[in-house]
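For reference, the chains in residue letters:
Number of protein chains: 2
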Amino acid sequence: MRFTLLKGSGSGPRLGRLETAHGAVETPVFMPVGTQGTVKGLMPDLLETTGARAILCNAYHLALRPGVEVVEALGGLHDFMRWPGAIVTDSGGFQIFSLARHRKVTDEGVRFKSPLDGATIDLSPETALANQVRLGADVRMPLDQPVPYPASRTETAEATDRTTSWARRTREAVRREGLEGVFGIVQGGVHADLREKSVSEITDLDFAGYAVGGLSVGEGPERMDAILRHTVRLLPADRPRYLMGVGYARDILSAVSAGVDMFDCTLPTRNGRNGTAFVRGGTLRLKNAVHASDPTPIDPGCSCPVCAGGFSRGYLRHLFLAGESLALILVSLHNVWFYQDLMAGIRGAIREGRFEAFWASCRE
Amino acid sequence: MRFTLLKGSGSGPRLGRLETAHGAVETPVFMPVGTQGTVKGLMPDLLETTGARAILCNAYHLALRPGVEVVEALGGLHDFMRWPGAIVTDSGGFQIFSLARHRKVTDEGVRFKSPLDGATIDLSPETALANQVRLGADVRMPLDQPVPYPASRTETAEATDRTTSWARRTREAVRREGLEGVFGIVQGGVHADLREKSVSEITDLDFAGYAVGGLSVGEGPERMDAILRHTVRLLPADRPRYLMGVGYARDILSAVSAGVDMFDCTLPTRNGRNGTAFVRGGTLRLKNAVHASDPTPIDPGCSCPVCAGGFSRGYLRHLFLAGESLALILVSLHNVWFYQDLMAGIRGAIREGRFEAFWASCRE
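Which chain is which? The protein sequence lines are Z and F, in order. For any residue, its number in the working numbering is found by taking its place in the first sequence, counting from 1, and adding 85. For any residue, its number in the working numbering is found by taking its place in the second sequence, counting from 1, and adding 85.
Bear in mind the hints are in silico, worked out from the structure with no lab data behind them. A few of these clues could be false.
Note: identical chains are not told apart, hence a pair may lie in one copy or across any two.
To be verified - With a straight-line cut-off of 20 Å between C-alpha atoms, the simulated SDA-like cross-links for lysine to any residue are:
#	residue 1	residue 2
1	Lys282	Ser250
2	Lys92	Arg439
3	Lys92	Gly170
4	Lys282	Gly170
5	Lys372	Asp202
6	Lys372	Arg358
Sequences are here, hints too, so could you generate the full structure?
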């Protein structure tokens with residue numbers, strides 16, 4: 086894995102290229118989420134037509150089902166899901182946060198009770214990394230411990246210290262195994278000084294890239310923005326920066342302006358499934374009765390196969406009301422396209438030195 | 086609508102061409118079913134890649150939801166669902182059979198109680214036809230009354246007489262409106278003499294094509310085959326013959342050998358959704374544990390985008406177990422492809438005068 090910063094510096098909008106064994110990825114990049122080894126509803130070649138070149142899968146979920154050994158036997162994650170582009174995997178750290186009632190965290194690692202069959206799953210920094218290596222991910226994330234919002238300073242400090250301790254063990258394993266493409270994750274909640282401490286400790290370990298974790302968990306856009314800006318400018322300029330699990334177009338634009346290079350979010354496919362389509366400046370609730378006889382596509386200015394293909398809002402509404410799977414396919418496709426289109430717009434604007442104007446035009 | 090018999094005669098395998106306002110359809114043809122205005126899980130352009138050139142939609146279901154007026158407002162069924170090929174619509178006659186507990190049949194027509202909201206829907210031969218014309222179907226079916234199996238001779242005779250009486254009213258409406266592409270439907274259950282009477286009465290009305298209805302309803306393959314052969318050879322050679330709702334490859338091959346030109350069935354997509362894939366000589370239950378680590382595609386000899394694209398049985402099993410929508414997309418696509426491939430094989434074999442050998446090879 087190799088990252089080249091093509092334009093920009095340690096803060097402010099940046100243009101870059103992440104070269105992986107599965108192709109080059111232009112940054113800033115948005116990675117659609119394929120938690121269980123599929124970006125929900127989208128055949129890989131259709132996903133590729135959106136311009137997506139990297140996706141995020143979840144090593145915790147894949148280890149649970151079908152199991153790392155099954156994916157390995159089927160040729161690794163790329164072969165398994167027939168995705169030719171880059172794959173980033175999350176370690177399971179986020180599940181410490183999202184499955185809080187089903188896990189116990191110790192300094193050694195985390196013990197989950199599987200929601201599928203009640204089985205016990207032990208994850209340590211070492212096994213979390215080994216799982217991702219066996220899956221064949223291009224970029225691997227260390228086990229970390231995000232904290233919810235709100236959380237006490239003590240709780241946040243403890244989780245941030247544990248994240249550092251786990252990062253050290255991860256770094257040791259990387260050295261031992263001679264691995265590439267392993268990122269570090271910065272935590273620290275909404276406390277500026279804890280973020281500073283985390284950045285200092287994690288960047289000291291010299292990872293291939295740096296993620297900012299534990300944001301967009303309920304702290305609100307203003308607080309997120311402030312903490313993010315404070316954190317990002319402390320990161321080394323020559324490594325990719327990844328804001329995990331974010332988000333809406335407005336959050337991405339703001340984070341790009343702060344110097345973030347990589348994003349992932351389930352929003353385009355999750356909203357696609359429930360009938361919410363992204364359009365410039367907002368969303369469209371396709372189940373609403375107002376669309377019943379509307380021949381307009383989701384967005385007349387969009388060139389995705391759904392809008393350019395002439396599928397009307399009225400037809401999409403019908404598909405949702407009739408419980409037809411084509412509904413989620415078409416709207417997920419449009420939404421993923423919308424995000425890739427946004428990122429292409431962002432990259433073009435940075436390249437041409439007009440990011441601020443582009444950002445402003447998105448707020449109109 | 087124009088039908089040209091290219092090879093064959095009144096009985097035995099035939100090759101033909103059905104020209105419609107939405108393209109030419111080579112026969113024998115298999116029409117995937119898009120009951121509610123979508124062939125479940127398949128984007129229209131993907132459906133086209135399977136070789137499908139005609140599909141069957143259901144005017145009863147579409148009249149219920151979203152309503153004929155909505156489809157009309159959205160440009161008719163072709164525009165509505167963005168399907169450029171031919172569309173055949175069923176009238177609602179089959180729902181007299183399948184929704185037996187929710188309807189009342191009189192000589193005037195049929196009254197349904199909507200399973201969606203309890204509303205009353207009245208269908209007469211005239212309104213059933215008018216709905217299909219408004220939907221913009223290329224081939225329209227008259228309202229008929231299939232009988233279940235077993236049914237008494239009296240019940241069968243009564244329903245067959247009513248089918249004739251409704252066919253006369255349909256024919257009258259066709260003449261009045263100057264319509265094209267309206268078929269007649271032959272009923273008569275499993276009674277050879279009632280089938281003869283029905284053929285005689287229906288063909289006297291001079292429809293654009295003839296369907297054989299009321300088969301594959303539980304009478305078993307041998308009885309179906311016997312009645313079908315007896316019926317088909319009585320139909321005029323110069324009109325297309327359509328065996329409604331059939332079926333498995335073995336049924337289609339046998340019916341082709343009897344002189345049938347058109348087929349439809351929900352099997353490829355229904356089985357696709359529940360994890361059963363069609364392969365030469367049988368089916369594959371993809372949820373079975375035996376496939377867990379199997380890197381083989383569904384059918385190594387198949388050139389569909391799923392098999393040729395390298396999606397493994399192990400991956401497909403994972404998708405089904407994980408409840409992922411890509412599962413039904415991929416297996417429906419393979420199954421529809423399997424049927425289109427079968428029909429292409431049948432047409433090629435008839436063209437080259439080796440249908441019997443082809444049929445025998447399919448039984449191996």
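To see whether the hints hold, each was checked on the structure:
| no. | hint | in the structure |
| --- | --- | --- |
| 1 | Lys282 - Ser250 | within (13 Å within a copy, 87 Å between copies) |
| 2 | Lys92 - Arg439 | within (13 Å within a copy, 67 Å between copies) |
| 3 | Lys92 - Gly170 | neither (23 Å within a copy, 49 Å between copies) |
| 4 | Lys282 - Gly170 | neither (35 Å within a copy, 64 Å between copies) |
| 5 | Lys372 - Asp202 | between (35 Å within a copy, 17 Å between copies) |
| 6 | Lys372 - Arg358 | within (11 Å within a copy, 24 Å between copies) |
Checked against the numbered hints given earlier, the structure breaks hints 3, 4 and satisfies all the rest.
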